[in-house]
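Trainee: Each chain, written out:
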Amino acid sequence: MHKTFTAMALAMLASSLVSAPVPAFAADPLVVYSAGPKPLSGALVKAFEKKTGLQVSLFQSSSGKVMARYQAEKANPHADVLISASWGHAITLDKAGELLPYTSPGAAHVPADLKTPTYVAEGAAALAIAYNTKSGLPAPAHWSDLTRPAYKGQVTMPDPAKSGSALTLVEGLVNKDGAQAWSMFKGLHDNGMIVPGANKAALTPVLQGAKGVVFGAVDYIAIGSKMKGEAIDIVYPSEGTVLAPRPIMILKSTRHPAAAKAFVDFVLSKEGQRLVAARYILPARTDVVAKRAGWDALHLIKMDYVAAADHAAATKDHFAKVMRGE
Amino acid sequence: MIFSPQVREEGRNLRPAFFFLSTTVLAVIVGLPVLAIVAFAVFPDLNALSFAAPFSALAPSLRDARLTGAIARSLELSSAVTAVCVVIALPLAYLRVRITPRWGRVWDGCFLVPFLIPPYIGSLAWMQLLQRNGFMQQVSGLNLDGMLYSFWGMVLVMALHLFALIYFAAAKSFALIGRRYGDAAKVFGARALSLFWRIHLPMTVPAVLSSALIVFVLTIEEFGTPAILGNRFGYEVIVTLIHEKFTDWPIDLSGASVLSMILIAIAFVAYQGNRALSKKFESRVENQILTAPGDDRSRRFQVLVNMLFAGVFFLAVALPVATVTIMALMNTVSGGVTWSNLSLAHLVGLFEGGSAAWRAILTSVTLAISAAVLTVLIGLLVAFSTVRMRFRGSAALDFLSILPSSIPGMAVAVGLILTWNLPFWPVTPYNTPVVLLLAYLCLMLPYPIRLLTGALRQLPRSLDDAAYVSGASEFTLVVRVLSPLLGPVALAAGLIVFAISTRELVSSIMLAPPGVETVATYVFNQFNQGSIGSGMAMSLVAIVFSGAIIALGQGLYGGRQGGPG
Chain A
1 MHKTFTAMAL AMLASSLVSA PVPAFAADPL VVYSAGPKPL SGALVKAFEK KTGLQVSLFQ
61 SSSGKVMARY QAEKANPHAD VLISASWGHA ITLDKAGELL PYTSPGAAHV PADLKTPTYV
121 AEGAAALAIA YNTKSGLPAP AHWSDLTRPA YKGQVTMPDP AKSGSALTLV EGLVNKDGAQ
181 AWSMFKGLHD NGMIVPGANK AALTPVLQGA KGVVFGAVDY IAIGSKMKGE AIDIVYPSEG
241 TVLAPRPIMI LKSTRHPAAA KAFVDFVLSK EGQRLVAARY ILPARTDVVA KRAGWDALHL
301 IKMDYVAAAD HAAATKDHFA KVMRGE
Chain B
1 MIFSPQVREE GRNLRPAFFF LSTTVLAVIV GLPVLAIVAF AVFPDLNALS FAAPFSALAP
61 SLRDARLTGA IARSLELSSA VTAVCVVIAL PLAYLRVRIT PRWGRVWDGC FLVPFLIPPY
121 IGSLAWMQLL QRNGFMQQVS GLNLDGMLYS FWGMVLVMAL HLFALIYFAA AKSFALIGRR
181 YGDAAKVFGA RALSLFWRIH LPMTVPAVLS SALIVFVLTI EEFGTPAILG NRFGYEVIVT
241 LIHEKFTDWP IDLSGASVLS MILIAIAFVA YQGNRALSKK FESRVENQIL TAPGDDRSRR
301 FQVLVNMLFA GVFFLAVALP VATVTIMALM NTVSGGVTWS NLSLAHLVGL FEGGSAAWRA
361 ILTSVTLAIS AAVLTVLIGL LVAFSTVRMR FRGSAALDFL SILPSSIPGM AVAVGLILTW
421 NLPFWPVTPY NTPVVLLLAY LCLMLPYPIR LLTGALRQLP RSLDDAAYVS GASEFTLVVR
481 VLSPLLGPVA LAAGLIVFAI STRELVSSIM LAPPGVETVA TYVFNQFNQG SIGSGMAMSL
541 VAIVFSGAII ALGQGLYGGR QGGPG
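Chains as they are written, first to last, in UniProt numbering: chain A, 1 to 326; chain B, 1 to 565.
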């Protein structure tokens with residue numbers, strides 16, 4: 001009887017080998033590599049295909065893996081459009097001359113510091129303090145509150161080495177307060193703050209109640225959790241926060257420049273931006289209403305992203321040292 | 001051995017064919033991507049098809065101050081996990097032939113379940129169970145935070161996931177040894193303990209060593225648990241360092257390749273040590289009884305032994321699966337374990353709005369069955385080539401077969417991209433599901449090859465000689481004599497490959513062509529969106545579904561076989 005089993009397996013194998021490759025060769029679609037929430041990229045692609053009749057092939061993962069795949073494919077690039085969750089990725093690719101200059105009409109409604117001749121924000125997250133409302137902790141109001149004894153052993157933070165947005169927050173606070181910011185990070189370390197990984201690794205223990213507060217949570221993820229009924233709330237500290245813009249860019253190696261431009265145009269259209277807003281992300285266009293704290297409600301720390309990118313390695317090192325207690 | 005081994009006869013022309021076939025297959029599946037990784041470590045711009053600045057990535061990567069510590073911790077972790085696995089698995093394997101075949105099959109099936117739980121899901125489950133405010137504390141007030149987030153906590157979590165590899169290999173080996181030696185020793189007054197130490201243990205050494213080697217390299221290659229659990233107390237190993245180079249900006253693929261080669265080097269050393277040790281114990285078993293021994297112990301003995309099995313089952317299977325189930329049923333993570341927070345919403349939600357989840361399961365199952373069948377066939381081929389038809393170069397073949405298990409899945413993925421994305425291939429599996437199959441084959445081949453080689457080493461050569469004397473050709477020998485005897489091991493190996501393939505994550509994330517999702521990438525995306533419950537629901541469905549397929553496969557086979565299989 002095990003022969004039946006083997007035969008079944010072989011039949012499945014054969015069918016997978018025969019049927020599988022066909023769709024991949026069938027058309028020559030626009031290839032989009034996207035990081036960030038999958039429902040968003042899925043919705044954008046679907047709406048774009050419906051509107052233009054063009055075909056899109058979507059590779060969806062986390063920022064790091066999207067970039068790793070793009071790099072490994074250099075000998076024979078496939079991606080036409082990249083969407084990352086880290087502004088730094090765009091800065092570096094731009095410096096390397098790998099991006100195709102394009103200014104979409106929709107970019108006229110995007111704030112000046114969120115666009116360049118080669119890349120533009122699709123949307124942005126703001127960094128916040130997220131806390132578990134069942135934890136019995138006092139609601140924090142300032143970044144430095146989390147160094148207080150009330151929060152001892154309760155704080156997590158995404159690792160700036162793994163999360164572009166957490167790095168931006170460190171850069172922004174250091175930009176604003178200098179040495180005082182570093183001593184606050186030392187205070188957080190002394191208060192037992194853990195830095196367990198990227199954004200999800202910092203948020204999960206707080207949802208589970210093992211910890212109470214995230215220092216530097218990506219706001220739309222926390223808001224999304226709250227909307228699903230999680231006992232979590234967010235605070236934008238009054239001294240200001242930073243934006244983590246999500247860049248969209250066309251690669252110079254693209255084989256479909258026209259379709260790629262059409263895709264960027266669609267993402268920056270009002271229709272595309274409403275899809276962005278539906279995920280609680282801050283839309284890049286100031287004339288599209290956000291479903292969370294919008295452009296007027298956010299108190300932002302002014303910062304120079306390009307200069308910050310130049311010092312990124314040093315900032316990460318310094319932070320890691322502080323967290324090791326050195 | 002009665003006959004001298006190398007009597008040249010007519011009809012033994014399979015050797016060149018076997019050797020050629022197995023070498024070619026391994027060279028394509030394993031050799032090419034590994035070669036690409038090595039070449040990439042030397043030529044950092046190889047991904048752009050440039051041979052500029054050779055060796056420039058070596059020095060900076062090796063000078064990394066964190067590297068030495070990471071290597072030491074990797075070795076420490078792998079040694080500890082392997083040791084704990086042996087301690088858990090060996091007594092169980094020894095007792096396995098002494099309980100009724102029916103219960104034996106039940107426990108065998110149960111111990112496959114840990115493989116169905118992806119390590120990162122398993123780690124999340126243990127965290128949700130034991131940490132502060134976890135299920136354990138919510139139910140009993142016990143908070144094991146400190147124990148969980150420690151070296152031994154991590155070792156235990158990993159060992160409970162992997163011990164079955166050694167259990168299966170050792171149990172098969174004990175079964176093959178049979179009872180005759182033990183009976184003989186008993187006649188001469190040997191006691192149970194010295195029977196174990198002096199007779200059974202030495203005879204099962206090759207099987208234990210080769211499976212322990214798999215556990216060792218698997219642990220050194222494992223990413224999920226160190227990344228999730230180890231990160232919480234700052235335990236950095238080589239793989240997490242490699243992953244960092246792959247994913248932290250600026251991405252350093254070449255540096256990651258250099259570090260991957262360190263892992264390959266460690267596996268090489270481990271493999272050589274293993275080989276030297278195995279040689280000492282090879283081919284000692286002759287005239288064994290191949291039928292299963294009956295259970296001659298008292299009822300009390302049976303109950304006690306079954307309770308021991310049940311205890312391990314509770315820790316390694318019941319607790320994590322129950323935790324995954326509860327997590328899948330919880331409406332909100334922060335809601336905790338209360339009746340009002342439990343519902344089937346996530347499970348139902350999986351199959352709403354199109355059948356993405358269902359398609360992902362089918363993709364994974366198809367790939368996993370294909371991988372299981374192909375790896376076992378290749379494994380048989382390689383085992384015959386290296387054990388029975390020794391060639392110059394069979395050592396190289398053997399080494400080629402263990403290589404991929406020491407390379408992180410991420411590096412295999414990059415190797416495959418580098419290999420198959422080159423512009424000059426007329427046809428390429430890249431960007432089709434076939435590249436996923438290639439990745440699985442590459443990553444999983446070590447299991448069937450190790451297990452089948454180990455088992456074949458224990459089949460006496462006198463079997464071959466007897467067959468030849470009776471006029472059998474080499475082909476007949478392989479097909480009619482040796483293959484059926486290897487059946488149970490082949491099945492076990494195939495099931496392990498199936499189980500691990502259904503939830504392979506790291507290479508799948510990198511290689512899944514646009515529009516294709518596997519169970520693991522689906523779960524990964526769910527977690528990425530903050531939907532822990534939904535990701536757990538998918539994991540649970542996948543565990544149950546592939547578990548059912550394994551039970552079916554085992555049931556079909558077991559019904560035919562009768563004995564412990």
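Bear in mind the hints are in silico, worked out from the structure with no lab data behind them.
Since the structure is predicted, the reported quantities are computational estimates derived from the model, not experimental observations.
Incorrect hints may appear among the rest.
[Unchecked claim] Ranges between beta-carbon positions, derived for each pair:
id	chain 1	residue 1	chain 2	residue 2	range
1	B	R15	A	D28	43 to 49 Å
2	A	L137	B	S340	21 to 27 Å
3	A	Q55	B	S56	37 to 43 Å
4	B	A48	A	D28	35 to 41 Å
5	A	A314	B	E76	28 to 34 Å
6	A	S183	B	A39	56 to 62 Å
7	A	S238	B	S343	34 to 40 Å
Virtual Cβ for every residue (Gly too), placed ideally from N, Cα, C.
Trainee: Hint by hint, which ones does this structure get wrong, listed from lowest number up?
Mentor: As far as the earlier hints go, 4, 6 are violated by this structure, in ascending order.
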